[in-house]
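Trainee: Line by line, the protein sequences are chains A and B.
For the first sequence, counting from 1, position 149 maps to 149 in our numbering; every step adds exactly one.
For the second sequence, counting from 1, position 56 maps to 399 in our numbering; every step adds exactly one.
Calculated from the structure, these hints are not laboratory results.
Not one of these hints is a red herring.
Within a straight-line C-alpha distance of at most 35 Å, the following computed DSBU-like cross-link-like pairs (lysine-lysine) qualify:
| id | chain 1 | residue 1 | chain 2 | residue 2 |
| --- | --- | --- | --- | --- |
| 1 | B | K550 | B | K670 |
| 2 | B | K648 | B | K674 |
| 3 | A | K136 | B | K413 |
| 4 | A | K153 | B | K465 |
| 5 | B | K603 | B | K529 |
| 6 | B | K479 | A | K70 |
| 7 | A | K207 | B | K479 |
Protein chains: 2
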Amino acid sequence: MQDTRTEIASLGEFGLIEHLTKNNETQNAGTLLSVGDDAAVIDQFGRQSVISTDLLLEGIHFDLMYTPLKHLGYKSVVVNLSDIYAMMATPTQITLSIGISNKFSVEAVEEFYEGVYAACEKFNVDLIGGDTTTSKTGFVISVTAIGEVAPDKYVTRSGAKVNDLICVSGDLGAAYLGLQLLEREKKIFLENPGVQPDLQNQSYLVKRILKPEPRADIVEWLLEHKIEPTSMIDVSDGLSSELLHICRASDVGCILYEEKIPVHEDTKTMALEFQVGSAACALSGGEDYELLFTIRQEDYERVAKNNDISVIGYITDKAEGANMLTKGGNKHKLVAQGWNSFA
Amino acid sequence: MQDTRTEIASLGEFGLIEHLTKNNETQNAGTLLSVGDDAAVIDQFGRQSVISTDLLLEGIHFDLMYTPLKHLGYKSVVVNLSDIYAMMATPTQITLSIGISNKFSVEAVEEFYEGVYAACEKFNVDLIGGDTTTSKTGFVISVTAIGEVAPDKYVTRSGAKVNDLICVSGDLGAAYLGLQLLEREKKIFLENPGVQPDLQNQSYLVKRILKPEPRADIVEWLLEHKIEPTSMIDVSDGLSSELLHICRASDVGCILYEEKIPVHEDTKTMALEFQVGSAACALSGGEDYELLFTIRQEDYERVAKNNDISVIGYITDKAEGANMLTKGGNKHKLVAQGWNSFA
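Hey, can you work out the whole structure from these sequences and the hints?
Mentor: The following block contains the structure:
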């Protein structure tokens with residue numbers, strides 16, 4: 001039927017989405033923002049809703065060997081909420097669909113749901129529906145989150161302007177090293193089941209990968225202080241990839257200062273142990289679920305008062321490209337080496 | 344960690360959902376209707392939205408050996424739209440997430456999306472977002488549909504009253520026999536790859552399983568004629584199962600007349616060939632995506648004018664149970680033998 005065969009890997013996840021949705025024309029006047037941001041925005045009778053969805057597959061997005069089901073339930077919800085917060089919106093409801101094999105007991109599914117409900121309760125969202133089915137091939141989780149936002153107050157990836165400051169919440173790279181650590185201990189365990197995992201003193205890194213927290217607090221703080229970011233995205237695929245998303249969507253360039261990238265002490269220590277640069281973990285690691293956003297210069301003083309926000313660079317003209325100034329004073333072109341499940 | 348192990352099969356899909364959501368308390372005032380109907384209803388600033396979601400897994404819900412990808416894309420969308428229509432609401436947007444293995448080419452995914460877009464165009468809904476990832480284990484499809492409805496005009500499963508008439512659109516049982524036919528031809532083909540499938544003259548049955556159409560027209564007709572059903576559900580799991588859902592949710596019983604169940608001529612012929620009763624196909628087959636609903640007695644005359652709606656029984660007191668009067672004059676208790684992916 002087909003004359004040619006193009007491998008999906010040749011396009012990658014973002015390329016594939018772009019390819020498949022390039023001719024997608026929306027019909028409903030209520031569709032304000034469609035495919036291509038953290039979430040879509042629909043106008044409902046003059047007020048606005050934000051919608052985001054994620055698909056998590058066993059063996060691709062999680063490994064049940066070291067992922068407690070309760071944590072997995074929690075994480076499945078919060079990675080979606082993170083997308084809603086990244087629009088400067090407030091999540092209100094989720095739907096959850098799961099596909100489970102018969103190897104799961106009801107008690108195991110209950111554990112998963114405990115985590116789901118814990119996240120719902122913590123972030124004040126309602127589980128309003130879903131689908132439950134058997135799966136022949138592994139655990140499948142699909143979550144759709146719905147949120148609300150004051151009319152036209154949602155923040156997209158596309159509003160960054162030249163000279164805006166680039167900010168990021170919390171610290172980066174820890175989730176990546178947490179994952180490396182779990183993978184290392186898994187390997188040791190598989191080779192020698194008698195050896196107990198050595199995760200002592202690594203609770204921060206492990207928690208960052210297994211039980212991430214979306215930055216509801218940062219959104220709340222920005223709203224409270226009436227600081228309107230010009231663009232925003234959540235860091236799920238690594239700082240490089242996310243910053244390039246903003247640059248591309250906003251049609252701008254950027255300068256990122258390597259020395260300004262916030263990295264936790266535990267991340268630095270473990271990066272040394274794994275012999276990788278901690279900045280590389282931040283740039284390409286992903287799964288941090290921090291918020292990356294740009295602000296106007298005049299908001300600098302106020303943002304600087306929040307110790308949990310770092311200013312890490314600024315937006316330039318597109319012609320200058322997206323670059324990082326290293327600690328050594330060199331200028332490197334930013335490359336998206338973020339996580340690509342098709343690679 | 345767990346003292347007991349309860350098999351999921353012992354609860355079934357509906358039992359499992361009920362078990363997992365029995366303590367689900369909603370927090371947001373805007374959550375009007377939560378888990379347990381065709382779709383959830385949320386109040387957004389005084390107007391109402393309807394949300395529904397489905398998960399379709401290769402090997403469970405579809406077989407790529409005889410399911411053209413374009414049809415699969417179309418069907419993935421319309422089964423969700425059917426849930427929105429079953430609330431007497433109008434679908435407006437969908438999100439679509441897919442997990443695909445590397446065996447798929449970009450061209451194959453394009454074919455799937457052609458079907459998705461065809462459904463979106465036909466029913467005037469916008470594809471507003473989603474997630475695309477690799478899958479190690481088969482094709483995974485998750486669709487969430489959003490619709491709108493005039494305030495408090497959505498129709499649930501729980502409003503049927505004693506003496507209401509039970510109605511169903513179109514005809515039932517054809518999709519089930521279409522599936523049996525495809526499975527038979529697949530078996531023949533696997534045993535003898537030289538034999539061409541014998542699907543001539545079976546286009547109606549095959550179309551019903553591979554390319555179902557949601558009954559947007561019935562909803563439109565009811566709205567136009569200002570007929571307000573007291574309850575409604577779409578027929579995805581078989582007439583018995585759906586009617587029992589209405590009876591349970593509405594706290595009523597029912598009498599169903601076997602002879603009134605609408606069955607297509609092609610369904611009757613093929614039922615004979617497969618040596619099954621055509622009523623049994625309608626009762627337990629599923630995947631018809633017709634609308635099952637109840638109306639007040641005073642609406643009978645007007646509904647009777649629509650040749651595409653059959654009155655098949657009436658609602659009784661709960662104490663009388665849910666029963667079917669057979670063509671032979673016997674009274675049988677209705678049993679949900681609908682499709683259960685955990686069985």
